[in-house]
Amino acid sequence: MSSLISRPWLWAWLASAVVFALSVALSGAGQAGGLLYAALSFGAFAAIVGIGQMLVVTLGPGNIDLSIPAAMTLSGTLALKAMGGEPGTALLGLGVALLVGMGVGGVNFALIRLLRLPPIIATLAASLIYQSLAIWSNRGLRIKPPVALADFATGRSLGIPNVALIAIVLAIVVWVLLERGVWGRWLLATGQNARAARLAGVPVESVRAGAYLSVAVLAAVSGYLLASFSGGAALNMGQQYLLLSIAVVVIGGTSIAGGFSNVPGLWGAALFMFLVVSMLNAYGFDAGARMMLTGVIIIAIVIAANARRSRS
Amino acid sequence: MALTRALSRTLHITALGIATLVIATVSAVPAYSDTSDKRIALSNNYAGNAWRQEMLSAWRTQTSRAVKIGTVAAADAFTIGENRPTDQAAQIQNLILQGYDAIVIDAASTTALNGAVQEACDAGVVVVSFDGIVTAPCAWKVVNDFRQWGREEVEYMAKRFPEGANLLEVRGLPGTFVDDDLHQGIVDELKKHPQLHLVSSVEGDWAQDVTQQAVAGVLPSLPKIDGVLNQGGEAYGAAQAFRASDRKMPVIILSNAQDELAWWAQQDRDNGYQSISISNAPGIATVAFWVAQQILDGKEVPKRLTVPLLHIRQQDLDSVLAKTPKGSVADQIFSQADVEKLIAAARDKAVQRSQEASQ
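Taken in order, these protein sequences are the chains called A and B. The first sequence begins at 1 in our numbering and counts up by one. The second sequence begins at 1 in our numbering and counts up by one.
Certain hints may be false.
Just the calculated beta-carbon pair ranges, DEER-fashion [said to hold, decoys possible]:
hint	chain 1	residue 1	chain 2	residue 2	range
1	A	VAL169	B	PRO308	48 to 56 Å
2	A	ILE172	B	LYS191	51 to 59 Å
3	A	SER157	B	ALA337	29 to 37 Å
Source of the hints: derived by calculation from the structure; they are not laboratory data. Quick caveat, the model's predicted, so the values are computed rather than measured. Glycine included, every Cβ here is placed at the ideal spot set by N, Cα and C.
Bound conformation, chain A alone (with noise of 0.2 Å):
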């Protein structure tokens, strides 16, 4: 029961459970299942893109991405361009949206190795020029995706949403990756000291240049899916993806120190953040009530999730 009590995923799977009960508590039994239908879906985005933002941090304290938004955008307009809306474009649209993914993230690692630039630094500024090579490459104009791609993208399988489906399977990966793969090994060791797994052999700058490639990649692909979800890129698109990104990853158990990854958490924390935001809707509380209750929720799991662990 101890050690039960000691996962730090565990607290995240909690909170999105109470939650839940509270908002079905108002709406209704009958109304569970369309509420957990739409935390799939929308969980799915903040899922993907804090998998790849768990990689980076997982490196150790400083390592962030803060250019997720901006790729996702650019990754969506690009990728929406490509396609023209034509039907039978959808894997020439996942090919570019997966090229930008390539692209950021290798002119992201590049900054921070060539230049020596902190990731913050680096990241931040460069999350400038994809945006604005974003509004650049289509004027802020809003194109469409394919009717079968869209289809797809808001449809379900088995019940459950396709955009779920693949944020699951993404987690599923990387989570034996890190667990049972040598890279998710060296990656746990460079977090934890990053002179002690050079000093053993680990390639740490390739471990290094994986994950930033890792989690510009996950982002355009997460721009692609939630292009084509919401029926066309718009430059604001990835917005709220930032602060999502980190939270799910601090909420979800990953230590913000470096060294822990936690991939099962990280799934609760992306339902929690939107359930949490629908359960204060529900009960009709304004915007600055909202803000600050989720702020106030937010702090509260991750000092739940921290004291259990260093008692432990």
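Got chain A sorted already, so can you dock chain B onto it with the hints?
Here is chain B on its own, set in the frame of chain A:
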């Protein structure tokens, strides 16, 4: 162009003779009151959405013509990188140093630019703010009536649902005066129609994806929704959320975004969907430009000028869609004559008001 004008004027004046020259130049200043040598700058705080892009494009087309025919010497647009008041204040100071005669501002903050705006006024520069206005008293303010917008939305719902209805409100970016005014207009008008019930209010941040998420999250807890009030730019996101929930599509007030209008036209063809479109035309930038030109021309312009909202009715839908580029926003560009009319109307109203006050 401006040079040849100046030359011909000089020649003309020389022909009048040296004796009359002194009198001519002194007395001719107000009579000519020419703005052909005046330079106007646009200081813009943000370019990251379709509305702002259309605003800049409206500014470009309208002012490039004015520069070409020599109404003004220059009308350059400057946009700051990030939506930060400090950056914009520094930019305004630069524009003063560069000697612009007027600065037209879409402001990042209603109050934080007041210092820089005051400096500009003190340096004799005409300052006109629009859309994102500044509160500095020396600046002219070109505004939309957002309360009116909110009232019109509720009025329409009252007309559509005389028997009563449940309404959902999607609000914009919290803390902005636009969000406050629009919401206040809605609240004021709702008091007159007790049969309309505002059952929930969510925050959409004027973004489709945020709206879609907020509406999808709150829908399971809500009763049947008959109508959705919003602030422009959220309608499509709200429609997507309703579509995913298998509920009946409510009456959603639309804005001027092309994708919303196209969706409306499609729904109309499929099942006779009826609604209205209310929005603030990005062409308000062209009003601000002509206001600056008129002030430089020595005309008397009221400090606060209200620009009418853009309405698109069901019967005009197809013609508006035909001339709106795909993915852009429908717009209304104002010519010099349009703005002169607006100013005259506002002046008459002000005179009328002061007469009523004195009676």
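### Message
For each hint given before, does the structure comply? Return the numbers of the non-compliant ones in rising order.
### Response
Hint 3 alone not satisfied by this model.
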